[in-house]
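**Q** Protein sequences, first through last, are from chains A and B.
Counting with UniProt numbering, you get residues 1 to 223 for the letters of the first sequence.
Counting with UniProt numbering, you get residues 1 to 405 for the letters of the second sequence.
Each hint should be verified, as a subset may be incorrect.
The calculated label-pair distances, taken between Cβ atoms and stated as ranges, are [claimed, not checked]:
1) B:M355 x A:N119: 52 to 62 Å
2) A:R79 x B:M355: 25 to 35 Å
3) B:A404 x A:E136: 26 to 36 Å
4) B:W391 x A:G148: 30 to 40 Å
Derived from the structure by calculation, the hints contain no laboratory data.
Since this is a predicted model, take the numbers as computed values, not measurements.
Ideal placement from N, C-alpha and C gives every residue a C-beta, glycine not left out.
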Amino acid sequence: MSSPVIELDDVKKIYPLPSGDVTALRGISLRIDEGEFVAIMGPSGSGKSTLLNQIGCLDRPTSGDLFLAGKNTREMDDRELTSLRLTSIGYIFQKFNLIPLLSAYENVEYPYIMKHRKNDDTGRVRDLLAMVGIDENLSAHKPNELSGGQQQRIAIARALVNDPAILLCDEPTGNLDSQTSLQIMEILGDLHHRGRTIVMVTHNPETAEYADRTITIRDGMVA
Amino acid sequence: MIGNDIIFALSVRSVRLHFLRSVLAALGIVIGVVAIASIGMMGANMTLSVTEELSDMANKLTVTPYTGGGGGMMGGPGGGGGSSDDDDAITEKEFKTIQRIVAKYGTAYTIMSESDQIEVGSEEGRATIYGLDAEIMREILTVETGEYPKSTTSVVVGPTLAERLDLKIGSKIDIGDPDEGSTTTVRVVGILEERGMSMDLSTDMAIIGTQKLFVGIYGGEGEYDQVNIVVNDLNDIDAVTEAIEDELNRKEDTVTIQDSSRMTESITSTVSTMTTFVMAIAGISLLVAAVSIFNVMMMSVNERIREIGILRSIGTQRTEILRMFIYEAGILGIVGAVIGAVASIVIGYIVVLGMVGTTEYFFAPGSIGYVPIAMAIGAAICIVTGVYPAWRASNLDPIEALRAE
């Protein structure tokens, strides 16, 4: 049996609002093993993205424990969680979220520089861009000069540049046409076959079919 | 390739992306730096110029009649007080006392002076008329063209006055107001070398004749407007001052004694106070620039909230976000300060030349030193102003920031 790379134990998330507390997660416990491809599904407002944000250390659970590679994130401060996001988690967003001031190449290189404190002299950035189908000519362009599909490919390359243990995808095909969505899912499927742990939030059953397992969330709980 | 300090590279690119806005913000700093540095340099040049001129007089004392105040400040005797028509004069007896005291330390001589109307041909004006002992005149004044006056109708004139009224050797000057009485006509026999501003005697804009000539015009024989003392040893200045005070001011103040160091101190202090005051006013322009930089930085943070969210979500530390915005403010400040420094040197040079009349001391450390001071103030204000927007950016919640449109 594989070791769990992600483990949630009764994780709750409550947002205190002036109009009253909103409970987004109502005690979620789950375990995702190394190399698994898990799809998280559920209707809008069910808490899927909130769950992904907890796993991605962008947010902290109100209660409960979240273990990433055996380490309890509850005990980590902001600096350690940020460091974890840089080195162990690759995030792919629905809106691509590339840095507008940087070229495609520089967007992929950014996390590498932040981790290694030097430019990439190993060719990893170029290899990753080639892997996702971005040639040298395109890699010199700024994000606003590229199509949605091209931007998402660059976002995948960026997420992989520091060889993270976990790849988190939040509706990775949500802003793409069906043809481009297929190409993106094939890249993710290929990454999974190479042993990458992937957790993907989606509301599209066709996209979810690429996953080994589907977890459905409803009203902040695993259905 | 974006270099090792990617955070700095991002700051530079942000400044470049909003080039016009950045230039306008930096322009505020340029103006502030130029204002502070130019005014500071002008003040320093004034002080250095005056100090240098007065340092030649370190061994000189002036004794003037006590008028209840601090005595004349600059330019020696002259102005309204005539020796013949009021009590504010040093008497022959007082001069003899001074001479007796000074005898073992140096020499003393008397000056008579009056400010009066003059007429040269059809041109009218005012000038100070000095009456000096003929022998003393040869000792303390240098004639550049012509000779020293020998008769009671001949005079020498200062170079500035000669230039203004186009006076030459042989020119005739009518002294006195024809409406108030008779005038005296004198002939120019010499033009003096430029002497500059001086505590003991300012001759550049004056007519100098013998005391016999002076008494012939204004009367007041044996009554002097000023006694100048030249001490052989600088260390005796205090002893001479004390001795004169003891003799002449024992019962009541009859004379005022001034040495150049007090005058230098007084002028330096006045110029320094004025410079500081004007610099403080100039500093307001930097305050305005600070508000502008703050505004630009807040706009930059607000426009880049989503970008901050992205950076945070992919592993950028809070301190690095803070650094990114501080760098941005710093770039504006440093670019503004450097351009301001260059402009300060050019504008400061013109201002000093126009206001002080000489740029002899422009590159002296006390003067040019205002450029780095103004630069440091400008850059520091920028960085300090950028701290709050940077702090705000670094403390944004990554999820909230990612939701921003």
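**Q** Please go over all the hints and tell whether each is borne out by the structure.
**A** Comparing the hints with the structure gives:
no.: 1; hint: B:M355 x A:N119: 52 to 62 Å; verdict: holds, 53 Å
no.: 2; hint: A:R79 x B:M355: 25 to 35 Å; verdict: violated, 56 Å
no.: 3; hint: B:A404 x A:E136: 26 to 36 Å; verdict: holds, 33 Å
no.: 4; hint: B:W391 x A:G148: 30 to 40 Å; verdict: holds, 35 Å
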